[in-house]
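Student: With the hints as constraints, model all of the structure from the sequences given.
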Amino acid sequence: MFFTSASGLSQVVKVEMFSFYRETFFGLEVVQQQLVISSAVAIGGILAYWVFRSKEAKTIPIGHGWWGKGKKPLSEDDQIHTFTITTSDEEIKDLHARLDLTRYTDPLEDSHFNFGFNSTYLKRVVSHWRNEYDWKKQVAALNQYSHFKTKIEGLDVHFIRVCPPSRENQKVVPLMLVHGWPSSFYEFYKIIPLLTQNHDGVAFEVICPSIPGYGYSEAPQKKGFDSVAAARIFLTLMERLGFSQFYLHGGDWGSAITTNMAQMKPDCVKGLHLTMFFIRSNFKMSLSLVIGRYLPFLVGFTREDVRRIYPYFQKNVWQMLEETGYMHIQATKPDTAGCAVNNSPVGLAAYILEKFSSCTDMKYRDLSDGGLERMFTLDDLLTNVMIYWTTSSMTSSMRFYKENFGNLINRLDFKTGVFVPTGLAAFPNELMHNPKVWAQTKYRNIYTYTFMPRGGHFAAFEEPQLLADDIVQFVKKVGKI
Numbered sequence: 001m002f003f004t005s006a007s008g009l010s011q012v013v014k015v016e017m018f019s020f021y022r023e024t025f026f027g028l029e030v031v032q033q034q035l036v037i038s039s040a041v042a043i044g045g046i047l048a049y050w051v052f053r054s055k056e057a058k059t060i061p062i063g064h065g066w067w068g069k070g071k072k073p074l075s076e077d078d079q080i081h082t083f084t085i086t087t088s089d090e091e092i093k094d095l096h097a098r099l100d101l102t103r104y105t106d107p108l109e110d111s112h113f114n115f116g117f118n119s120t121y122l123k124r125v126v127s128h129w130r131n132e133y134d135w136k137k138q139v140a141a142l143n144q145y146s147h148f149k150t151k152i153e154g155l156d157v158h159f160i161r162v163c164p165p166s167r168e169n170q171k172v173v174p175l176m177l178v179h180g181w182p183s184s185f186y187e188f189y190k191i192i193p194l195l196t197q198n199h200d201g202v203a204f205e206v207i208c209p210s211i212p213g214y215g216y217s218e219a220p221q222k223k224g225f226d227s228v229a230a231a232r233i234f235l236t237l238m239e240r241l242g243f244s245q246f247y248l249h250g251g252d253w254g255s256a257i258t259t260n261m262a263q264m265k266p267d268c269v270k271g272l273h274l275t276m277f278f279i280r281s282n283f284k285m286s287l288s289l290v291i292g293r294y295l296p297f298l299v300g301f302t303r304e305d306v307r308r309i310y311p312y313f314q315k316n317v318w319q320m321l322e323e324t325g326y327m328h329i330q331a332t333k334p335d336t337a338g339c340a341v342n343n344s345p346v347g348l349a350a351y352i353l354e355k356f357s358s359c360t361d362m363k364y365r366d367l368s369d370g371g372l373e374r375m376f377t378l379d380d381l382l383t384n385v386m387i388y389w390t391t392s393s394m395t396s397s398m399r400f401y402k403e404n405f406g407n408l409i410n411r412l413d414f415k416t417g418v419f420v421p422t423g424l425a426a427f428p429n430e431l432m433h434n435p436k437v438w439a440q441t442k443y444r445n446i447y448t449y450t451f452m453p454r455g456g457h458f459a460a461f462e463e464p465q466l467l468a469d470d471i472v473q474f475v476k477k478v479g480k481i
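Just so we're aligned, residue 1 is where the sequence shown starts under full-length UniProt numbering, counting upward by one.
Treat the hints with care, since some could be wrong.
[As the list claims (entries may be wrong)] DMTMM-like mimics (lysine to aspartate or glutamate), calculated; alpha carbons at most 25 Å apart, straight line:
| # | residue 1 | residue 2 |
| --- | --- | --- |
| 1 | K402 | D469 |
| 2 | K355 | D110 |
| 3 | K265 | E76 |
It should be emphasised that the hints constitute simulated quantities derived from the structure, not laboratory data.
Tutor: Quick look at the structure:
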């Protein structure tokens with residue numbers, strides 16, 4: 001054992017890294033070396049462009065909209081009303097009757113979850129749902145937090161609001177959490193108490209809305225409702241609640257919506273924290289993929305980036321093609337598939353829960369139970385399903401894909417950077433990995449970028465403590481608390 005100074009250790013590490021990259025380079029064939037050199041020259045030109053480009057923040061128009069039935073009235077009720085989730089014996093009786101009439105198809109031998117939801121395991125899920133699951137008990141658990149609704153742009157928007165306990169010398173920070181698909185506001189129930197507790201003088205007041213068309217938020221009645229429209233509605237919500245500045249967190253569609261909020265009103269968004277971030281493909285990214293595996297330092301990759309990205313075709317092309325069939329359906333004909341899953345609770349559960357298997361860990365596809373109970377309880381999973389089932393909101397939630405992908409290439413928000421302080425939490429089992437150097441092409445003011453040690457797409461549901469810690473770290477760094 002020996003001890004050395006921090007600077008001395010840093011020099012040793014740098015020497016070792018240089019030696020590693022030098023040996024890697026000279027171990028390549030001549031053609032590969034020429035390719036690397038020419039690529040490095042091209043990257044230098046690209047970097048020069050980014051250095052000298054204008055750094056003035058850009059925004060996207062806030063716009064306006066009306067998504068309710070008929071014509072927009074001259075005035076709209078802007079009051080906030082309390083809301084309580086309810087159920088009835090009739091609702092539960094109808095559910096049980098439909099569960100009892102389910103027809104199953106035998107799975108292929110040894111297919112596990114590679115063909116979708118395994119029907120043998122599905123029978124166990126349905127048995128638990130029919131005989132053990134208590135929806136009334138879960139409704140009471142959902143109502144542990146205060147629920148509200150308010151009319152915005154013709155839609156009743158549902159949200160929960162949770163304030164931290166009052167304490168002396170405590171700074172209360174407003175934070176909006178936005179879910180994605182096929183999730184709901186319930187995804188955040190485990191992380192809310194972690195955020196509202198005191199963190200060395202800092203606690204969060206949490207606002208968690210349901211995206212219009214999801215759960216208890218009213219569905220749009222007109223075409224065109226995309227993430228930009230949702231962002232504008234949520235900005236109005238925060239203004240109506242009296243917040244002039246606040247923090248945002250999102251994953252999946254929540255990432256797109258909160259990103260749009262930051263693009264619309266950067267002065268209001270003190271910080272943006274994301275677990276999934278959408279990056280527009282560009283020449284720089286393509287070029288970095290060519291040489292990043294051999295000389296990652298030339299393109300800004302870390303060793304962890306290399307481990308998560310490569311083999312690129314297998315992880316980011318073929319795997320995505322295997323897992324995004326639902327996306328193509330929902331981005332083209334959502335109402336067709338919606339007819340089926342809105343009519344069958346078992347079909348709905350299979351459609352939703354299959355995503356909670358593969359999007360948590362792709363390796364779970366090789367398990368007969370999809371690994372669902374390794375990270376979640378059946379009660380938690382079924383409560384999320386019940387939010388969709390009892391509100392008949394699956395079809396309207398699926399339409400969000402068609403509305404967003406319809407004109408993606410020409411959308412202004414897709415071409416506009418984000419300049420507010422940003423924190424990115426890169427979970428290892430997220431659908432795709434975006435290195436920090438790629439993220440910087442979209443998010444120009446990254447304060448924190450964290451390689452999370454474990455977890456997948458539904459971060460708040462899977463690893464609430466890890467996510468809460470990263471959010472707290474980010475907010476403290478931005479606010480210099």
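Student: Look at each hint and say if it fits the structure.
Tutor: Hint by hint, here is what the structure shows:
Our distance criterion of 25 Å between C-alpha atoms is broken by K402 and D469, whose separation comes to about 35 Å. Distance restraint check for K355 and D110: the Cα-Cα separation of roughly 20 Å lies within the 25 Å cut-off, and the hinted pair is therefore satisfied. Proposed proximity of K265 and E76 is supported: the alpha carbons are some 23 Å apart, at most 25 Å.
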